[in-house]
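Visitor: Below are the chains, spelled out letter by letter.
There are 2 protein chains.
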Amino acid sequence: MTAQDLTMTSLTEDFRTSLRLCAASISLVTACDETGGWHGMAVTSSGSLSMEPPSMMVAINHTASIHPVILRTGRFALNLMGEDRLDLLERFSRSDMRDQRFVPGEWTDAVGGVPALKDALSTHICSVVERHDFGTHTVFFGAVEDVILPRTDQATAPILWLNGARASVATPLTD
Amino acid sequence: MTAQDLTMTSLTEDFRTSLRLCAASISLVTACDETGGWHGMAVTSSGSLSMEPPSMMVAINHTASIHPVILRTGRFALNLMGEDRLDLLERFSRSDMRDQRFVPGEWTDAVGGVPALKDALSTHICSVVERHDFGTHTVFFGAVEDVILPRTDQATAPILWLNGARASVATPLTD
Chain U
202 MTAQDLTMTS LTEDFRTSLR LCAASISLVT ACDETGGWHG MAVTSSGSLS MEPPSMMVAI
262 NHTASIHPVI LRTGRFALNL MGEDRLDLLE RFSRSDMRDQ RFVPGEWTDA VGGVPALKDA
322 LSTHICSVVE RHDFGTHTVF FGAVEDVILP RTDQATAPIL WLNGARASVA TPLTD
Chain X
202 MTAQDLTMTS LTEDFRTSLR LCAASISLVT ACDETGGWHG MAVTSSGSLS MEPPSMMVAI
262 NHTASIHPVI LRTGRFALNL MGEDRLDLLE RFSRSDMRDQ RFVPGEWTDA VGGVPALKDA
322 LSTHICSVVE RHDFGTHTVF FGAVEDVILP RTDQATAPIL WLNGARASVA TPLTD
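Here the protein sequences come in this chain order: U and X. Quick note on numbering: the first sequence equals residues 202 to 376 in this note's numbering. Quick note on numbering: the second sequence equals residues 202 to 376 in this note's numbering.
This is chain U alone, in the form it adopts within the complex (with noise of 0.2 Å):
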C-alpha cells in the first residue's frame, strides 16, 4: 500500500467509526412497481426537506432491488415504524424473511398502489420530482402527495438505530 492507501483507509475507518455513533429514527421505504409487486427496505437515510412544498427525501444505495423501482414509478413512502413494532425491522432487514414482509391485513394500498404500513407513526406518500446522484447513492426529492397518520394518541416512540443496533428513547422523557 501506498501512503495514500494508507491515509484513504484510515478515513474510510473513522468514517465508519463515527458514523455509529449517530442515532436515527427508522423508516420503511416502500414502492409498488408496475406488475402492482410491494417492495421494501429499512432506512435510517430518510429526513424532512422542506415545508413549502411539503417534501421529504431519502438516499438509497444503486445497489438495492427498491432503486430502479423508484426510479422507474416515480412514487415511494417513507413508513415511521413504532416501539411496538420491531418485528417489521427484522424482517425488512433480512434477505431470508423477504418473503414474510407484507404480511396481508398489515399493509394497505395508498396512492397509486404503494404500500403504506397500517399501524405506522406516519406514513409520507411522495412523488418523486427531482433526484440527485451521488457516489453509490441516489438522493430521492419527494413532494408530499399525502402524509397518514394511522395513530391518534401519539404515545408511541419510534425505533432508533445507534451503534449498529437498534436503540429506545428513554421513556419518561428527561430533561
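Don't read these hints as lab results, they were simulated from the structure. One should not assume that every hint holds.
Remember, identical chains collapse to one label, so a pair may be satisfied in a single copy or spanning two.
In the SDA-like style, the derived pairs of lysine to any residue whose C-alpha atoms are separated by at most 25 Å in a straight line are [said to hold, decoys possible]:
no.: 1; residue 1: 319; residue 2: 215
no.: 2; residue 1: 319; residue 2: 221
no.: 3; residue 1: 319; residue 2: 332
no.: 4; residue 1: 319; residue 2: 242
If you're wondering where the values come from, they're calculated on a predicted model, not measured in any experiment.
Let chain U serve as the given structure and place chain X on it in line with the hints.
Guide: Only chain X this time, still in chain U's reference frame:
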C-alpha cells in the same frame, strides 16, 4: 379560502404533526467566513450519504445566516453533540445567545479555519462538491476531508430531538 386551499392547509398541518414523531440526532453545522468569523446552527437535517467516497449531506434553509457562508466558502463541519453538551443546544438555538456560541477554548480550527467542537462525539470536515436547491432549502453534498473522533470511550449518547423537544436515548440500551 377555496377547497384547494383547505386541502393544502390540512396537508401542511398533518406534515408538521408528522415531523414531530420522528427522532433525530442534533448536530452543530459550522462554517468560517472570509474574515475568519465563525458561524453555526443546530440541525437535525444532516446525515451520511455514501461510503465511497465518504460523504455527508446537510439541508439548510436559504434564510439561515450560515447558508451564504457555506455557499461562498464551500466548506462546513458537522459536530455531533453528546448528551453532556446540552448547554450548546440552547446557545446555538436562541438568537439572544448568539454571542455566547463559540466560547474560547471549546473550539479548534480545523481545515480551512472551520470550527470543530473539541468534545464532539464526532466532527466531519466537509468540502462541498455538489449542491441541490429544492424549495426553501439547499442540500449541500460534502466530501469528508477529515473525521475527528475526540472521545475514545464512545459511551456518551447523542442528543435527540423528538416531539419539538430534546430527548434521550435509553441507557442501558434495551432489547
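Visitor: Work down the list of hints and note, for each, if the structure agrees.
Guide: Hint check:
1. 319 - 215: between (39 Å within a copy, 17 Å between copies)
2. 319 - 221: between (30 Å within a copy, 19 Å between copies)
3. 319 - 332: neither (28 Å within a copy, 36 Å between copies)
4. 319 - 242: within (16 Å within a copy, 36 Å between copies)
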